[in-house]
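Student: Chain residues, written in single-letter form:
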Amino acid sequence: MAETQAGTIAAKDLGFQYAGSTSKALDNINIVIGQGEFLLLTGPSGCGKTTLCRCLNGLIPNFHPGEMSGELLVDGVSVNDETTSELSRKVGYVFQNPENQLFALTVEKDVAFGPENLGLTRQEIRDRVDWAMEAAGTVALKDLAPYELSGGQQQRVALAGVLAMKPSVIVLDEPTSFLDPRTAEEVMGAVDNLRRENGITVIVVEHRLDLVGRFAERIVVMDHGRIVADGRVEDVLDAEFDRLSGLGIGLPKVSLLWSMLRRDGLVSERLPTHVESAVKMLSERLRN
Amino acid sequence: MSLRVLNGFKFSSLKTPVHRLDPRAKFMLVIGIIVPSLLFTNIYLLVGLLLVQVPLLLVGRVARRWVQSLRAGVFLSALIFVVNFFTGPLANAVALTLRFLLLMTTFSFFFMTTSPDDLGLAIDKVGFIRWLSRRWLGYPNALSFTFTTAVRLVPTMAVDAQTVVDAQRSRGLELDKGNLLKRVRNYIPILIPLLLIAIRRSLELAEALEARGFPGKEGRTSLFELRFKPVDYLLLGISLAGIVLSFWVFFHYRVPTI
Amino acid sequence: MGENGAGKTTLAKQLNGLLRPSLGKVTVDGDDTTKKSVAQLSRKVGIVFQNPDHLLFSETVREEVGFALKNFGFEPGVVVKQVERTLEALDLAHYAETSPFLLSGGERKRVALAAVLAWEPDYLILDEPTIGQDYQQKERLRNFILQLNSQGKAVVMVTHDVEFVAECNPKVVLMSKGRIVAQGQADEILSDDGLIEKASLVKPQMAKLFSQLGEFGFPRDVVDVHRAKMLLEQKLSEAKVSVAQSS
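Protein chains in written order, with my numbering: chain S, 1 to 288; chain H, 289 to 546; chain X, 547 to 793.
Honestly, the hints are just simulated from the structure, not real lab data. Don't be surprised by glycine CBs; every beta carbon is placed ideally from N, CA and C. The reader is advised that the hints may include incorrect statements.
To give a feel for the contact side, a few chain H residues facing chain S, derived at Cβ under 7 angstroms [said to hold, decoys possible]:
hint, residue
1, R423
2, A499
3, F502
Using 16 angstroms as the maximum straight-line C-alpha spacing, the simulated EDC-like pairs for lysine to aspartate or glutamate come out as follows [to be verified]:
hint, chain 1, residue 1, chain 2, residue 2
4, X, K582, H, E462
5, X, K582, H, D464
6, H, K303, S, D143
7, X, K781, S, D143
8, S, K142, H, E462
9, X, K775, S, D264
10, S, K12, S, D27
11, S, K24, S, D223
12, X, K684, X, E643
13, X, K781, S, E284
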């Protein structure tokens with residue numbers, strides 16, 4: 001039964017308030033995420049995206065104390081029944097700042113860190129480390145120290161370290177903030193490939209939809225601790241464009257362009273979410 | 289003089305036979321050299337102990353760095369010599385200066401040829417440290433982990449320190465002006481941001497650690513393991529023999545300085 | 547603009563004397579930078595570093611913003627006035643007595659900006675000002691930069707946020723491996739495939755779009771959404787008209 005529920009997340013009336021805070025960081029969160037989905041979690045600063053992510057791997061309420069209400073199930077088991085250590089085997093977390101999540105003196109040792117905590121045999125650890133480094137493209141870096149790596153390389157190493165835990169869900173919290181656009185695309189592409197090849201559920205928190213919009217299938221928008229939109233990227237952008245731009249989300253420029261043209265009655269199709277579909281639609285229009 | 293001395297203690301990552309020696313064996317060697325040098329003031333012995341390290345330094349290819357650190361230590365050696373020259377026989381002054389150089393050299397040799405990683409692993413194996421770690425911090429590997437993390441963070445903090453200095457200088461802070469009191473106060477805008485950055489970084493690292501399952505219920509299995517090779521046992525044996533011999537001689541004979 | 551390690555921040559630090567040239571010369575308003583101290587040059591050239599935590603150390607936001615003014619030797623009365631003005635301009639007046647460490651990330655970035663703007667340098671250098679900011683915060687920043695610029699201040703942004711640059715359409719200096727590989731308007735540079743490749747950037751969405759619509763006679767150097775709309779409007783209404791005419 002646990003097998004069929006691997007990589008699933010279900011929240012029912014989930015709420016959370018940080019200790020010492022007067023307002024709810026999460027309010028009435030209801031969401032079901034299926035195995036292998038690629039979900040983009042977005043919203044203005046302070047809307048609760050990171051808070052929600054922290055609930056998934058136990059950092060809330062164990063590292064960030066506060067009052068949690070409602071129910072949250074990961075892989076079919078309530079998060080209240082498991083420690084952070086146990087949850088970290090199911091939910092991997094890649095943080096925003098690449099430098100502050102690498103603790104060992106070499107890349108190889110850092111990737112090994114997670115599995116070393118799992119009580120595996122040395123050979124099992126070796127196998128996982130080799131696999132994870134290959135999958136994340138960091139084999140060439142294995143003897144380097146963290147401070148010798150570029151931001152993009154550091155994020156890849158962090159990704160490898162998380163993969164080595166063989167989680168069923170990976171959460172990436174604004175992973176491309178410190179990366180240049182080319183590297184950001186590469187890293188996101190690598191994450192997507194890993195998802196497809198291994199059936200891992202991926203949740204990415206990101207402000208800039210143009211970077212991730214290409215890979216994400218589903219988008220969840222939060223504001224003031226609540227979910228205000230949830231659906232396929234194309235559907236949500238099309239139906240709620242104006243409301244979303246009011247919320248201050250970084251919408252893709254092609255979608256903005258299309259919505260402006262549509263408002264003037266020059267086009268009528270649904271909003272494109274990335275350049276390729278926009279090119280197709282415009283070319284067709286202009287050829288006729 | 290100030291910071292260049294430290295160069296003689298920085299790890300240089302090469303792959304020489306000396307580097308590959310088990311750190312515990314190397315450390316025993318260090319003790320094996322220090323014990324006689326502290327017990328005796330015989331100049332021939334001290335010079336001998338100093339020379340014994342030369343082949344090791346050469347094989348380890350750190351000889352040049354060692355010479356540099358010697359040069360930087362000249363000031364302190366001269367000081368020791370001069371002080372003792374006026375308070376005792378000449379031979380004594382020479383012996384004590386030699387002892388100082390010997391101590392500096394031995395530790396320099398150790399740190400130049402032992403990677404912080406291996407040091408961490410070695411510390412992790414020491415029973416006493418594991419016990420202490422469990423009493424204080426709750427986990428047997430916590431202390432050695434603290435050590436390796438500290439080493440890991442040094443270059444990162446160095447970069448941060450430079451950035452803070454740059455940022456505050458760009459706001460008109462002048463660190464080289466004013467009387468002593470003013471200069472000390474001028475370091476507050478440097479130290480506070482650094483402290484806070486260190487704290488914030490520690491918190492983020494702690495979060496990342498927990499997110500990777502630290503510490504596991506079943507305890508940690510390390511991917512890499514330190515194993516004694518035959519040459520390590522040899523080194524260990526020689527060092528122990530030397531220490532025992534030194535103590536025996538010390539209690540049975542009076543060894544003159546010259 | 548340029549990839550990580552291209553030398554952007556190194557170049558920026560040459561402008562206020564934190565770094566001195568090994569070859570050649572850097573002058574600010576005609577003065578050779580090697581002949582002046584960092585404090586002297588900073589009066590004219592203000593750098594806002596990327597991470598506000600490298601700056602903040604005071605007990606209150608007010609003290610923080612006034613720090614540089616005191617260092618530069620302004621009269622106490624002037625310091626108070628300037629601090630008030632800057633806090634107002636950056637919408638931080640209600641935080642004047644708050645500790646900067648209690649503020650959120652975005653607010654701390656504003657305090658860092660205020661701390662530099664307080665002495666109104668003629669040249670303002672912003673190192674990666676958009677990192678970690680959401681769209682609204684970026685909009686506010688963009689308007690602020692345009693406002694400063696219209697007041698006659700020079701603004702230099704070190705960034706690789708191509709969409710943000712596309713919205714501002716400034717002059718762009720492209721660097722790679724320690725050299726300047728191109729200089730020009732944003733729309734020219736960001737729509738040039740070769741240059742984008744060299745500097746490890748990506749094209750803004752509008753440029754990507756229009757580079758594939760060349761067959762319809764559109765120019766390639768489009769980076770701004772509004773210009774894109776205008777160009778498309780024309781062609782699309784023509785198309786509508788001709789469809790209407792033919793039926």
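Student: Take the hints in turn and mark each one as holding or not.
Tutor: Structure-based check of all given hints:
no. : hint            : result
1   : R423            : violated (21 angstroms)
2   : A499            : holds (4 angstroms)
3   : F502            : holds (5 angstroms)
4   : K582/X / E462/H : holds (13 angstroms)
5   : K582/X / D464/H : holds (15 angstroms)
6   : K303/H / D143/S : holds (13 angstroms)
7   : K781/X / D143/S : violated (57 angstroms)
8   : K142/S / E462/H : violated (42 angstroms)
9   : K775/X / D264/S : holds (10 angstroms)
10  : K12/S / D27/S   : holds (11 angstroms)
11  : K24/S / D223/S  : holds (12 angstroms)
12  : K684/X / E643/X : violated (25 angstroms)
13  : K781/X / E284/S : holds (13 angstroms)
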